[in-house]
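Student: In case you want the letters, here they are:
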Amino acid sequence: KNEVEQSPQNLTAQEGEFITINCSYSVGISALHWLQQHPGGGIVSLFMLSSGKKKHGRLIATINIQEKHSSLHITASHPRDSAVYICAVSGGGSARQLTFGSGTQLTVLP
Amino acid sequence: SQTIHQWPATLVQPVGSPLSLECTVEGTSNPNLYWYRQAAGRGLQLLFYSVGIGQISSEVPQNLSASRPQDRQFILSSKKLLLSDSGFYLCAWSDPGYTFGSGTRLTVV
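Chains as they are written, first to last, in the working numbering: chain A, 995 to 1104; chain B, 2 to 110.
Any given hint might turn out to be false.
[Claimed, not checked] Computed cross-link-like contacts, SDA-like style, restricted to lysine to any residue with a CA-CA straight-line distance of at most 20 angstroms:
#1 B/K80 - B/E23
#2 A/K1062 - A/P1033
#3 B/K81 - B/S18
#4 B/K80 - B/T100
#5 B/K80 - B/S18
#6 A/K1047 - B/P97
#7 A/K1048 - A/P1033
#8 B/K80 - B/W8
#9 A/K1062 - A/T1006
#10 A/K1049 - B/G98
#11 A/K1047 - A/P1073
#12 A/K1047 - B/G98
#13 A/K1048 - B/T100
#14 B/K81 - B/G28
#15 A/K1047 - A/G1035
#16 A/K1048 - B/V16
#17 A/K1048 - B/S18
#18 A/K1062 - A/E1011
#19 B/K81 - B/V16
#20 B/K80 - B/G98
#21 A/K1048 - A/G1034
#22 B/K80 - B/S66
#23 B/K80 - B/P97
#24 A/K1048 - B/G98
#25 A/K1062 - A/M1042
#26 A/K1049 - B/T100
#27 A/K1049 - B/W8
Calculated directly from the structure, the hints in this document are not laboratory data.
Every value quoted in this text rests on a predicted model; they were computed, and no experiment measured them.
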């Protein structure tokens, strides 16, 4: 069993739809990260969470530490949101290395 | 501002040839530095991390090595590449949020 599980693996939505991507983890963590990877491969960090909820523009990330679960929401989705979204966790200690989920390929159709 | 530079962007190398990928960061001091790899059709995997100059930790046994000769410089090397070394290599730093380099797509032929 992977330490970080994401669902769904693939998601196709129509422009304007509300999107949710889920992430569950089985290990103790110091922080959870949501990353976005575009077709060229470059990765951008969207959020780093250790509790509660964060919002940036149309993106919202939540985490429930007790249930070991996080969600990434996209409101009013747009074709430019099409990308792979990756959940990753960092454990305790000073190294802060990441363990990654397998990613969710999101396609938003116009 | 804090930036990270990684080069080259793409690389095609024959089996058995050496490898050197370089990553430098600006705008921060004593960052944690990382090399990750994404093989075709697979997720990201940690290869090496460094919490300071000359300090390298390896996560996966392989024919790759890493060095940190300066605080803001992280180098990934191999003496002899294998076909299985093909993939997308990402340098990153953490302070504690993550910033990723633009990546190097390595094809071993």
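Student: Hint by hint, say whether it matches the structure.
Tutor: Evaluation of the provided hints:
1. B/K80 - B/E23: holds (15 angstroms)
2. A/K1062 - A/P1033: The given pair, whose Cα atoms are some 29 angstroms apart, is violated under the 20 angstroms limit.
3. B/K81 - B/S18: holds (5 angstroms)
4. B/K80 - B/T100: Cα-Cα ~28 angstroms, so violated.
5. B/K80 - B/S18: Given pair B/K80, B/S18 holds - Cα atoms ~7 angstroms apart, limit 20 angstroms.
6. A/K1047 - B/P97: holds (18 angstroms)
7. A/K1048 - A/P1033: violated (25 angstroms)
8. B/K80 - B/W8: holds (18 angstroms)
9. A/K1062 - A/T1006: violated (26 angstroms)
10. A/K1049 - B/G98: holds (16 angstroms)
11. A/K1047 - A/P1073: violated (25 angstroms)
12. A/K1047 - B/G98: Judged against 20 angstroms, a Cα distance of about 16 angstroms means the pair holds.
13. A/K1048 - B/T100: holds (18 angstroms)
14. B/K81 - B/G28: Cα-Cα ~34 angstroms, so violated.
15. A/K1047 - A/G1035: violated (27 angstroms)
16. A/K1048 - B/V16: Between A/K1048 and B/V16 the Cα gap is close to 46 angstroms, so the pair fails against 20 angstroms, i.e. violated.
17. A/K1048 - B/S18: Violated, because 46 angstroms separates the two Cα atoms, which is more than 20 angstroms.
18. A/K1062 - A/E1011: violated (26 angstroms)
19. B/K81 - B/V16: OK: B/K81 and B/V16 at ~7 angstroms, within 20 angstroms.
20. B/K80 - B/G98: With a Cα-Cα distance of about 32 angstroms, the restraint between B/K80 and B/G98 is violated, given a limit of 20 angstroms.
21. A/K1048 - A/G1034: violated (27 angstroms)
22. B/K80 - B/S66: Measuring from Cα to Cα gives roughly 9 angstroms; hence the hint holds.
23. B/K80 - B/P97: violated (32 angstroms)
24. A/K1048 - B/G98: holds (14 angstroms)
25. A/K1062 - A/M1042: Roughly 15 angstroms separates the two Cα atoms, so the pair holds.
26. A/K1049 - B/T100: Holds - the C-alpha atoms of B/T100 and A/K1049 are around 19 angstroms apart, at most 20 angstroms.
27. A/K1049 - B/W8: Distance ~33 angstroms between A/K1049 and B/W8 Cα, so the pair is violated.
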